Structure formats: structure tokens, C-alpha cells
Amino acid sequence: MRASLALILFCVSAAALAADAGEIKVVQGSAYLERAGERLALKVGMPVRESDVVVTGSNGTVGITFADNSLLSIGPNSNFALERYVFNSTTHAGQFESRLNKGTLAGVSGKIVKQSPEAMRVHTPSAIMGVRGTEFVVQVGDKH
Amino acid sequence: MAALAVAALIALALLTAKPVETFVVLPSADGHIGTVVVQRGDTRQVLNQPYAASRFGEAEVTRISPTEIDRNYAATLHALPHRPASFLLYFVTGTDDLTEESKPELERMLAAMRARPSPDVLVIGHTDTVGEEATNDQLSAQRAERVKGFLIGIGIPGERIRTAGRGERELLVPTADEVDEPRNRRVEINVR
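Residue numbers (our numbering), protein chains in the order written: chain A, 8 to 151; chain F, -16 to 175.
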């Protein structure tokens, strides 16, 4: 009985680890994460999951490294949502859908894009950007 | 009356104002230029030149100067995490002993970990092309697990290590199928 409970607990934590899309590697200034209606303080080392939203203040920036080695950074005054992240570490097949509602995003593509060009996409209020392998910046703002 | 017209125009402008959106391709650290494709409704713009930019409301792809990138996006670019670093380790066949050549590589790997604020490690096993693909997937995963054990043994916390098996998909030395190639039987480590 005890052994089976331990097994279940182990399976739960393994599943949680598998669900992690990436990890917070950089946090500066004011920034938080919204997850399932809760507002969480951002810390270096914290996992990032599908459906998480990162919100930064006027002096806030956040850097994330994803399971496939993709990198993203979110600039000040931004709202960024990770909508879908799937990565198979054996085949490198995957899907990376994110949305920049406001602010600035910089990125470096990783293994998903190397395997399937344009499988990494950034949605904005007026467009969809497909990444075929590169470094990029996206800005959604009100200034010219 | 004129004031009313002006107010109406401003209101109209506000209502129809869309956020200004900018997409820019940057040269990567190694000078490589990639491509992004920006799709807005029926229009599709391909950006494949350094500093090529697509801006909302502009039909043509334009260029942004590095100075402008720095002025507008320095804080964001500065927040990009460390680039993942890759290391190759080889073991004496059938043992958990590193080959002589791999010992300095292990030192470089540990230095990369020390340089990062919250390092995590991905251990990726690779095989040569001898045997079935499914068997090689399994073999490469087992090889990665063994190296994870080795890394835990030298003091790296197990919860910071993940493993992957790539089988024969990513040959270091390209060969035909069923070729015994020791350089392809390797373990790659990504420090992130």
C-alpha cells in the first residue's frame, strides 16, 4: 500500500516535470506570472507551463529558456501568454504557440524550429509571425 | 461646430487606431540570418535579411538600424537568458570512466554551469546506425540515464538534470545505415 502510494506520488511529480515548458532564468524589476487565475511572484528557477501569462511593469524584464533550447525575453510593460507548448525530446517534433498582447518580445529559436520550420509562432493583435529559425524582436505598442 | 468636427475626428482616430506592431529579424551571435514570416490577413511578408522589419500599415519590408534596435529594445534583449552551451562526453567502452579527451570537456561543462544563475542540464544520448531505430532510441535513452547517474555522482543535483535519447537521428559523423562509428556513440550535454 505504502509502496503504491509512493509510486503514485512519483508519477505525479514526473508528470509535472514533463509538463514544464521552460524555466525562468532572468527576472529584473516588477513582473509576475498568472497561472490558473492566481498571481505568482516570479523567481529565477521557476517552471513555466502552458497557459501561463507573464506580465511586466515599467522596469520589468523576464527571460525564459524552453525545453527545446528556444529562448525568449519579455521587455517592460508587456503581457505575454504561452498558449501551447509541446516538445518531443526524441524526435524534436513540437508546437510552440505564444501571444504578445502588449509590449516587447525578443527570441532565439531552438530545436522545434530546426525540426519543423514555422512550428514556433508568435501571435499579436493584428498578425501571426512564423519563425523559421532566427533571432527576432516583436513589438506591440502605441508609439511610432 | 468646428471644435465638434475636430472632436469627432479624434474620436474616429481613436476608435480605428490599431496598435503599432513591429517585427524585426536580427543576425544571430554567430552571424547566421534566419527567416520569419509575418502574416496579416491575406498579406504575407518574408523577412530574411538582417534588421529587416515588418511594420503594421506599411506594405513594404523596411530596415531598422542597429542603433534603433539598441535604443528601443536594449532592455528586452539584455534579458535573454544565456545561450545553451553544448558539450560532448565519451566514456571508455562498457564503463562509467570518461576518456582522457573528455576530462577537460567536463571541466568546461562545469565552468558553464558556474557561469549561469540557475543552471539546468540536459543529457542527450546518441547512437551510431547499427541496429533498429527503436532499439537505438532505447539505447540512447539508457546511455543518457547512465550519464545522469555519473553527473549526480560528481555532485550535480538530480532534479536539475533531464535526459533525452535521440537514437540515430543526429549523427555527428554522417554514415550509411548499419555502420559502427564510435564517434556517433556519444553523450551530448546542454547546459542552460
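Hints may be right or wrong, so weigh each one.
Just some of the chain F residues that point at chain A, by a computed CB distance under 8 Å [claimed, not checked]:
id, residue
1, GLU4
2, THR5
3, VAL7
4, ARG46
In short, the hints are calculated from the structure, not lab data.
Quick caveat: nothing in here was measured; it's all calculated off a predicted structure.
Ideal Cβ placement from N, Cα and C applies to all residues, glycine included.
Consistency of the hints with the structure:
1. GLU4: holds, 5 Å
2. THR5: holds, 4 Å
3. VAL7: With a minimum Cβ separation of about 5 Å from chain A (threshold 8 Å), the hint on VAL7 of chain F holds.
4. ARG46: Because about 13 Å separates ARG46 of chain F from the closest Cβ in chain A, which is outside the 8 Å limit, the hint is violated.
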